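Chains as they are written, first to last, in numbering that gives the first Met the number 0: chain A, 0 to 100; chain B, 0 to 181.
None of these hints come from the bench; they were simulated from the model.
Check each hint, because a few of them may be wrong.
[Claimed, not checked] Simulated coverage check for chain A against chain B, where a stretch passes if three residues somewhere in it have a Cβ under 8 Å from a Cβ of chain B:
| no. | region |
| --- | --- |
| 1 | 1 to 13 |
| 2 | 16 to 25 |
| 3 | 31 to 39 |
| 4 | 46 to 52 |
| 5 | 59 to 72 |
| 6 | 75 to 85 |
[Claimed, not checked] Short, incomplete list of chain A residues facing chain B, as computed with Cβ under 10 Å:
| no. | residue |
| --- | --- |
| 7 | Asn43 |
| 8 | Val55 |
| 9 | Ile90 |
[What the hints assert, rightly or not] Derived DEER-like restraints, expressed as beta-carbon distance ranges:
| no. | chain 1 | residue 1 | chain 2 | residue 2 | range |
| --- | --- | --- | --- | --- | --- |
| 10 | A | Thr89 | B | Phe137 | 42 to 48 Å |
| 11 | B | Leu149 | A | Arg94 | 33 to 39 Å |
| 12 | B | Ala128 | A | Asn93 | 16 to 22 Å |
| 13 | A | Leu92 | B | Ile26 | 34 to 40 Å |
| 14 | B | Val153 | A | Met98 | 31 to 37 Å |
| 15 | B | Pro117 | A | Arg87 | 51 to 57 Å |
| 16 | B | Pro121 | A | Asn93 | 22 to 28 Å |
| 17 | A | Thr89 | B | Gly157 | 34 to 40 Å |
These figures come from a predicted structure and were not determined experimentally.
Beta carbons: idealized from backbone N, C-alpha and C, even for Gly.
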Amino acid sequence: MSVPIHWYLLLAAAMFCIGAAGALTRRNGISIFLSIELMLNAANLTLVAYSRLLDVRTGQLVVFFVLAVAAAEAAVGLALFIAVFRQRHTIDLNRINLMRW
Amino acid sequence: MEMLIFLLFAALALGSSLVVVLHRNPIYATISLVLTLFCVAVLFVLLGAPFLGVLQVLIYTGAIVVLFLFVIMLLNIQKQGRDESAFAGQGLQAAGAIGGAIVFFLLVGLALWRSGLPELHPLTADLVALKGLSRDLFAEYLLPFEIVGLLLLVAVIGATVVARKPPEDGPATKTNPEGAEL
Numbered sequence: 000m001s002v003p004i005h006w007y008l009l010l011a012a013a014m015f016c017i018g019a020a021g022a023l024t025r026r027n028g029i030s031i032f033l034s035i036e037l038m039l040n041a042a043n044l045t046l047v048a049y050s051r052l053l054d055v056r057t058g059q060l061v062v063f064f065v066l067a068v069a070a071a072e073a074a075v076g077l078a079l080f081i082a083v084f085r086q087r088h089t090i091d092l093n094r095i096n097l098m099r100w
Numbered sequence: 000m001e002m003l004i005f006l007l008f009a010a011l012a013l014g015s016s017l018v019v020v021l022h023r024n025p026i027y028a029t030i031s032l033v034l035t036l037f038c039v040a041v042l043f044v045l046l047g048a049p050f051l052g053v054l055q056v057l058i059y060t061g062a063i064v065v066l067f068l069f070v071i072m073l074l075n076i077q078k079q080g081r082d083e084s085a086f087a088g089q090g091l092q093a094a095g096a097i098g099g100a101i102v103f104f105l106l107v108g109l110a111l112w113r114s115g116l117p118e119l120h121p122l123t124a125d126l127v128a129l130k131g132l133s134r135d136l137f138a139e140y141l142l143p144f145e146i147v148g149l150l151l152l153v154a155v156i157g158a159t160v161v162a163r164k165p166p167e168d169g170p171a172t173k174t175n176p177e178g179a180e181l
């Protein structure tokens, strides 16, 4: 029995919401990054699901680029965390408020 | 059979993504993210994108998550992570964020319910084949491909420069009087 496409989209929406709630409520920088990765993955799942539904490859290609950009984002972001940790000895984002108005 | 695999891995993905968000210790959250990413890779294979599933396991769980674990170990934030309870001292904000997420999910569900998406037709060999994907990638999408390669190069150089330890008597230590070292 084939799985309806709605279920994939609902699962992706649920994962995105979990990630969004996590990114908004957590204060540890690493945890926020993990939540962002979760949201990126939910978006990827949606793209692949629509690619399957419409029988075109464009969604899969976009997922390929999203993977590469996520890798770049993780590398730069974690390097920034290391740099901030050297200066402040914390990555609690409530205490890193230099650029917050 | 397909339904059974989908239900199993969808439930696993949801549960492990909840653990990612709710667990206080970032190391356990990261390990749980590995499980989530693997489940999503299985769903990619179910949706007729086996190459993306392999890439997901190789790049995400093999490279990105290991990078996370390395940084967590470098920073030794395990103890800080433990002290932080997930929603302590920000009850209203947390309730707002969670409520907003639930409302968003319900809206998506309503839209899907009203949309009347068509039934899936059987998988075509053209969608699954790696040949078509690579032809598209290296012909039609060649310029974005090259740009992404350049972006990765810039990101690697930038990350190396940013994370470098500041020189002992350079200007970096002057702006940082306590001379913080790891």
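- [ ] With a cut-off of 10 Å on the beta carbons, see whether A:Val55 makes it to chain B.
- [x] Since chain B brings a Cβ to about 8 Å from A:Val55, closer than 10 Å, the hint holds.
Task: Distance restraint evaluation - A:Leu92, B:Ile26, Cβ atoms, bounds 34 to 40 Å - done: Violated, at about 19 Å.
Open item on the list: Quick check: does the Cβ-Cβ distance between A:Thr89 and B:Phe137 fall within 42 to 48 Å?
Closed with: holds (45 Å)
Task: Pairwise beta carbon distance, B:Leu149 to A:Arg94, judged against the given window 33 to 39 Å - done: holds (35 Å)
Open item on the list: Between the beta carbons of B:Pro117 and A:Arg87, is the distance compatible with 51 to 57 Å?
Closed with: holds (53 Å)
TODO: Could you tell me whether the CB distance from B:Pro121 to A:Asn93 stays inside 22 to 28 Å?
DONE: The hinted range 22 to 28 Å is violated for B:Pro121 and A:Asn93, with Cβ atoms some 52 Å apart.
Open item on the list: Next item in the hint list is A:Ile90. Is there a CB on chain B closer than 10 Å to its CB?
Closed with: holds (6 Å)
Open item on the list: So is the region 59 to 72 of chain A in contact with chain B by the C-beta rule, three or more residues under 8 Å, or is the coverage claim wrong?
Closed with: holds (count 12)
Task: Stated coverage of the region 31 to 39 of chain A by chain B [criterion: 3+ residues, CB within 8 Å] - done: As far as the region 31 to 39 of chain A goes, the hint holds, because 5 residues have Cβ atoms under 8 Å from chain B.
TODO: For the hint on A:Asn43, just tell me whether its beta-carbon gets within less than 10 Å of chain B.
DONE: holds (7 Å)
Open item on the list: Taking 8 Å as the Cβ threshold, is the statement that the region 46 to 52 of chain A is covered by chain B upheld or broken by the three-residue rule?
Closed with: Satisfied; 5 residues make the cut.
TODO: Can you let me know if the beta-carbon spacing of B:Ala128 and A:Asn93 is within 16 to 22 Å?
DONE: Hint violated: Cβ distance 50 Å, outside 16 to 22 Å.
Hint compliance for this structure: hints 12, 13, 14, 16 and 17 are broken, all remaining hints hold.
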